[in-house]
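Now for the letters of each chain:
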Amino acid sequence: MEPFVAELAQVEVEYGASGLALGPVDLALSPGEITALVGPSGCGKSTALRLLAGLESPTRGEVRRTARRGESAVVFQAPTLAPWLSARDNVALPLELSGVARREARTRAEAALARVGLAGAAGARPAQLSGGMAMRVSLARALVTEPRLLLLDEPFAALDEITRRALADDVLRLWAETRPAIVFVTHSVEEAVYMASRVVVFSRGPGRIAGEMSVAGPTPRPEGFRTTAGFRASVEAVSTVLAKGMEAPA
Amino acid sequence: MKRLADILAPLVLIIALLGAWEAACRLLEVPAYFLPAPSAVAASLWADAPTLATSAYNTLAMALAALILASLSAQALALLVALSPILERAIKPLAVVLQVTPVVAIAPLVVIWAGIDNPERAIIALAALVAFFPIFSGAITGLKAADPDLERLFDLYGAGRVKRLVRLRLPSAVPFLLEGHKVAAGLALIGAVVAEFVAGSGGAQGLAWRILEAGNRLQTARMFAALVVLGLMGALLYAGLARLERSGLRWWRGR
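Going down the list, the protein sequences come from chains R and D. Just so you know, we're using my numbering here: the first sequence kicks off at 1 and counts up by one. Just so you know, we're using my numbering here: the second sequence kicks off at 1001 and counts up by one.
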């Protein structure tokens, strides 16, 4: 097995006149690992995610990827479903764009919808779905190609707490089925610690990695994991690094 | 209850205004060539009904032909522009110049080109010119209005230009196209009437021609009768297109 799925090596990103936005950053993703990127707004964690996806190119440094085109998938902040397509056709879209025949794409899309618990909503349009359901369709669309690298850009930001927690458990359960490498961008330290086995903390101005720690415990998380001493300790540790990063001189 | 009020409120106002108009004409003994009473207009509507119907049909047919012509050409050109950024840069300034030039100013030229014997052609061309822009700019805006994250999704799976156009940009443009057609339909009617005025007598016998003819003879009641028909037709056309837009959007969104 390759040592990494995707890797940022001394990567820097500049946006025009606004100067250095990110970097230099080194970050390697091992196969099957769940990594959370946390940090304040504008720290470049979403930029790092787009670099890993190959949706953006670095100004300096190198992005190495062993995951080929079609082997990485992104779930965006909003569900970003096409309103004119049914849930099934939305999920089938990545397959069809990769050249899979329509009939097979639809069959696989229905299977992917079943995996996220939406077998009954295949024919529904996005406007008929709740926020949580739309996000699940978006997740199914990312999973349908069975990616080796799954990138989640604050996917639950717009949802209520109960839906967020349910979806977090769904993601971990789905991860256990095929074990892709997951990168997960979030504002929430608790969510990062709950989801990830490795938490990378970003600091602002320009975005750099302020610290990194691993989270012990089984995945998917057992019931009551959020109340364990280990969980609380990890949240405290990440919060401390995060606070230090916020103080860092601009 | 609210719907009833929606219908009743304007109806009451119209009846009140007509009543005041009728009373003023009778009490002040206004000459009929200056301002005919509503009753005279109604009588004229009744008497002219057959010719007015034919004229209304002529104007509507020309406006609809113009709308179809504008729709096809505007969408075809917008597609070309969407596929080639260079073409967009080349065409846009020209389109703006053409758009801000008043149609009345271009009309005599078009009448010459279409040939004095073919006023319908000139009228359709001019009305199409007016109806072209809302559809063209709607299509251009719509083809660029796709969700940027959906664009990224298409990047991620390596979709080419044509696939992106067919699977993403065209469907994203549908609401803008519907809105553009709604506006264009009203403009096509206005364009047809304006062009008829410019094309002048002896040509297509639309409603504008009826107004001109009656005006030349100082038959003011008949002018009003033609105006009433024109106003009603415009309102009906707009209402029909607004309904089409609503059901089109429902189909697009799935509810």
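Derived from the structure by calculation, the hints contain no laboratory data. A couple of the hints might just be wrong.
Stated by the list, open to error - Below are the SDA-like pairs computed for lysine to any residue, each with C-alpha atoms no more than 20 Å apart in a straight line:
(1) R/K244 - R/R208
(2) D/K1163 - R/S214
(3) R/K244 - R/E212
(4) D/K1144 - D/W1113
(5) R/K244 - R/S214
(6) D/K1144 - R/T80
(7) R/K244 - R/G217
(8) D/K1163 - R/P83
(9) D/K1163 - R/R204
(10) D/K1163 - R/R208
(11) D/K1144 - R/E212
(12) D/K1144 - R/R102
(13) D/K1163 - R/G211
(14) D/K1144 - R/A82
(15) R/K244 - R/G211
(16) D/K1163 - R/R69
Quick rundown of the hints versus the structure:
Proximity of R/K244 to R/R208 is assessed by CA-CA distance (about 12 Å); at most 20 Å being required, the pair is judged to hold. Our distance criterion of 20 Å between C-alpha atoms is broken by D/K1163 and R/S214, whose separation comes to about 43 Å. Annotation: proposed proximity of R/K244 to R/E212 holds, straight-line Cα distance about 13 Å (limit 20 Å). Taking the CA atoms of D/K1144 and D/W1113, the gap is near 36 Å; set against the 20 Å cutoff, the hint is violated.
The suggested pairing of R/K244 with R/S214 holds, with an alpha-carbon distance near 18 Å, which does not exceed 20 Å. Taking the CA atoms of D/K1144 and R/T80, the gap is near 16 Å; set against the 20 Å cutoff, the hint holds. At most 20 Å may separate the alpha-carbon atoms for a hinted pair to count; R/K244 and R/G217 exceed this at roughly 26 Å. Restraint check for D/K1163 and R/P83: satisfied, since their Cα atoms lie roughly 18 Å apart, inside the 20 Å limit.
Taking the CA atoms of D/K1163 and R/R204, the gap is about 39 Å. The hint is violated against a cut of 20 Å. Taking the CA atoms of D/K1163 and R/R208, the gap is about 38 Å. The hint is violated against a cut of 20 Å. Taking the CA atoms of D/K1144 and R/E212, the gap is near 41 Å; set against the 20 Å cutoff, the hint is violated. For the hint pairing D/K1144 with R/R102, the CA-to-CA distance comes to about 26 Å; that exceeds 20 Å, so the pair is violated.
Proximity of D/K1163 to R/G211 is assessed by CA-CA distance (about 43 Å); at most 20 Å being required, the pair is judged violated. For the proposed pair D/K1144 and R/A82, the alpha carbon gap of about 15 Å is at most 20 Å, so the pair holds. Restraint check for R/K244 and R/G211: satisfied, since their Cα atoms lie roughly 10 Å apart, inside the 20 Å limit. Straight-line distance between C-alpha atoms of D/K1163 and R/R69 comes to about 17 Å, which keeps the hinted pair within the 20 Å bound.
In this structure, the hints that do not hold are numbers 2, 4, 7, 9, 10, 11, 12 and 13, in rising order.
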